[in-house]
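Colleague: Turn these sequences into a full structure, and let the hints guide you.
Chains as they are written, first to last, in the working numbering: chain W, 561 to 735; chain P, 10 to 648.
Don't read these hints as lab results, they were simulated from the structure. Careful: at least some of the hints might be erroneous.
Each pair of labels, with its calculated beta carbon distance range [said to hold, decoys possible]: (1) W:612 / P:399: 44 to 54 angstroms; (2) P:14 / W:564: 21 to 31 angstroms; (3) P:246 / W:599: 30 to 40 angstroms; (4) P:540 / W:595: 42 to 52 angstroms; (5) P:535 / W:582: 51 to 61 angstroms; (6) P:597 / W:595: 27 to 37 angstroms; (7) P:399 / W:665: 39 to 49 angstroms; (8) P:423 / W:571: 33 to 43 angstroms.
Computed footprint of chain P on chain W, listed as stretches where at least three residues anywhere in the stretch have a Cβ under 8 angstroms from a Cβ of chain P [said to hold, decoys possible]: (9) 573–585; (10) 606–612.
Don't be surprised by glycine CBs; every beta carbon is placed ideally from N, CA and C.
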Amino acid sequence: MRRWLLWVPLALFAALLAVVASGLFKPADRVVRSALVGQPLPDFALPPIAPGKPGLSTATFRQGRPRLLNIFASWCIPCAAEAPQLLRLKAMGVPVDAIAIRDTVPALTAFLRRNGDPYDRIGDDRQSAVQLALGSSGVPESFVIDGKGRIVLQHVGDIRADDVAGIAAAVRSAR
Amino acid sequence: MTAEFGLAALWLAAALAALQLAMAALGLLRGQAAPIAAVRPIAIVQGALAALAMAALIALFLASDMSVKLVVENSHSAKPWIYKFAGAWGNHEGSMLLWVTILGLAGGAVAILERRLPAATLIATLGAQAGIALGFYAFLLFASNPFARLSPAARDGLGLNPLLQDPGLAFHPPTLYIGYVGISVAFSFAVGALVTRDVGPAFAKAMRPWVLGAWIFLTLGITAGSYWAYYELGWGGWWFWDPVENASLMPWLAATALLHSVTVLATRDGLRAWTVMLAVVAFSMSMIGTFLVRSGILTSVHAFAVDPERGAFILALLVIYIGGALALFAARIGTVRAGTTFELVSREGGLVLNNLLLSVILGIVLIGTLYPLVAAGFGVQLSVGPPFFNKAAGPIALALVMAMAVGPLLRWRRDDAGALLDRLIWPIAATGFTGAALIVLAPPGLLPLFGLSLAAGLAVASVLPLIGRNPWRTPLFIWGMVVAHLGIAVSLAGMACDSAYTAETLVAARIAEPVRVGPYVVRLDGIKPVVGDNWSALEARLSARRGDDAAIVLRPQSRYFSDPVTTTSESAIATRWDGQLYTVLGQSDAQGRWQLRLWWKPFVTLIWLGGALIALGGALSLVGRWRRERRAAVREALA
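Modeller: Here it is as structure tokens:
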């Protein structure tokens, strides 16, 4: 046997060490990003859930105007926390639509009464089907969609006060 | 007081490990008799002290001593005693203490029992074992002290993760750890043999029972863990390719390869370098597994503590032990005389093929487990799951099954390919017949089809070595091989049946509404609340009927724990000779319907029955080898 071959296991182990050491000392990013950023919105058509408000379908996002798509639920506490920021975005002229995840009509109506209603349309996603198709891993999440129905930005988690400017800018530049 | 006693025992054990290492080094370098004579007794006392420390921790948990931080964080006074007892290792610090305890006890067992190894190699082995123990004692004492006090003492504990509150916790971790850490003996043997350059049949014969013993426990531990996950997690799956499952599978694959190559070394004095390499790899896989789990760099249900500092500590230990052993291997193995060579078509050739295939599967599992980490290094987020592992490892595992059918029918040194084919006629017929019957009667997918057919072939092939022998005079280790290989066939058949023929139904059922799953009609009779020691639950009463048989009553629960606040689903499983009916109760909806998840899993129990047979085969081998050696020793003494 060639002598240098005997050192191969040690070299492989050193490579393995390099990998795990880099993994150990780099803070892990546990945020699950959608693979759909930069891709067109998947086709969906969701029925309405809030009384007097239309449901939501992909067609809404192809009308030439960028929109914010908020994924939320009345049972989700961070969603209530981010409601004021959505209202601010709405006041800044950003059209906001929503998909309600695993929700019921009375619970959602109460939620909107309590926290304000920035939404033009709300689609009813009882089985999280559209949420999964979008590559969203939880609530709340928000997507900026350009006028041709393409996803340009994904915001994971609740929108905080200092996120508002960035999201508004993304909507402006998506025009 | 008990905590201080345990801590003192741990410090003393660490000091003795240092002394043991120093004495072994001194003895080997200077060739003095006095330090050499001291190594064995020190190793025994060191193991006993580690066991005392573990006993102290268990006593603290049983007494619910809320002045000890670990007890407060992981226990609760209202828990049943069995979970207090097992809760001692249901956490990071306690499980690491169990780890070193088994390491120390394994070293002590080698010191007491090992009589065949040349004295110098034995001393080097015990030195290596002490070296490993020392590092992990340091890890416990400096980075994971299980005996740390809390001042002031807490009123009560925070409780144990409800998923762990199951009798399985009392058996699965200790069994797995005995296997996991017991394989350290093989590592130390390899290092000892490299130090003294004494690799040969005597070394292999001495190492074999230790490898076999650890392997039996590892097999049992993995089998038990798989069944535990199957019924406790309520997903109906028995293997998830979770990083921690892989961490236990990798040492098992390496140990299985080692078990076979050590036989070649013991019987034919071949595969010297390879056997030593495998001994190093097997325990390295255990340590890498420990590191992956304890450092939190891979997320998993088994990861207790996500702590980079601890991870860095274990990483340093890995560099010292694995790096050191591999460097020693590279530097020394070239000076070990090459073993004997053999023909390609021979028992040795079959065992080499077995080793290659096992190594490839090991490589696939290792790459799949670490790939998310590599990808993250390049900024890509991904996870590797069953689709990769099943596709990549499945076909190779089937090739391994074929090799396993052929191997035991081969002769040592040299065999004739034509004669071999004659011996294989029945296994091939069984494979073909099963395959054809399945395609006609109930065509499964491609992989399960091959799995079931090859399982039939392997089952026939594995009993062939018994044909033409008197069963009472057949050596016990031959029986061991037959039973273990048969176990693989049985387990494989169970896996293939489960993946091909499982029927699953997810419904929202009203009371008294019949639901069909596989051959069963299940009826939800009612829901009632029940109360346990530290939980309350909603319990469904299901009656399942197949044809005109009497109804089976199943009671799955949705359990609510208060310390910590969690809900778990307790599945209810009815086992029949031809499979299991697996039921899980979910939430109710606004219309008064209850979510039910039902599976009919034909022959799924074969998976674990096979695992138990594999371990039984190992045990038969161990007893058989031991009896044969004792007989040989008696003959020698008489002559």
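Colleague: Hint by hint, say whether it matches the structure.
Modeller: Quick rundown of the hints versus the structure:
Distance hint check: the CB atoms of residue 612 (chain W) and residue 399 (chain P) are about 50 angstroms apart, consistent with the given range 44 to 54 angstroms. Between residue 14 (chain P) and residue 564 (chain W) the CB atoms are about 53 angstroms apart, so this pair departs from the stated range of 21 to 31 angstroms. Between residue 246 (chain P) and residue 599 (chain W), the C-beta spacing of about 31 angstroms keeps the proposed range 30 to 40 angstroms intact. For residue 540 (chain P) and residue 595 (chain W), the Cβ-Cβ distance of about 46 angstroms falls inside the hinted range of 42 to 52 angstroms, so the restraint holds.
Taken as a hint, the range 51 to 61 angstroms holds for the pair residue 535 (chain P) and residue 582 (chain W), whose Cβ atoms sit roughly 56 angstroms apart. Taken as a hint, the range 27 to 37 angstroms holds for the pair residue 597 (chain P) and residue 595 (chain W), whose Cβ atoms sit roughly 35 angstroms apart. Between residue 399 (chain P) and residue 665 (chain W) the CB atoms are about 43 angstroms apart, so this pair conforms to the stated range of 39 to 49 angstroms. For the pair residue 423 (chain P) and residue 571 (chain W), the supplied restraint of 33 to 43 angstroms holds, since their beta-carbon distance comes to about 36 angstroms.
Restraint check on the segment 573–585 of chain W versus chain P: 11 residues with Cβ-Cβ distances below 8 angstroms, three needed, restraint holds. Using a Cβ-Cβ cut-off of 8 angstroms, 0 residues of the segment 606–612 of chain W lie near chain P, which falls short of the minimum of three, so the contact claim is violated.
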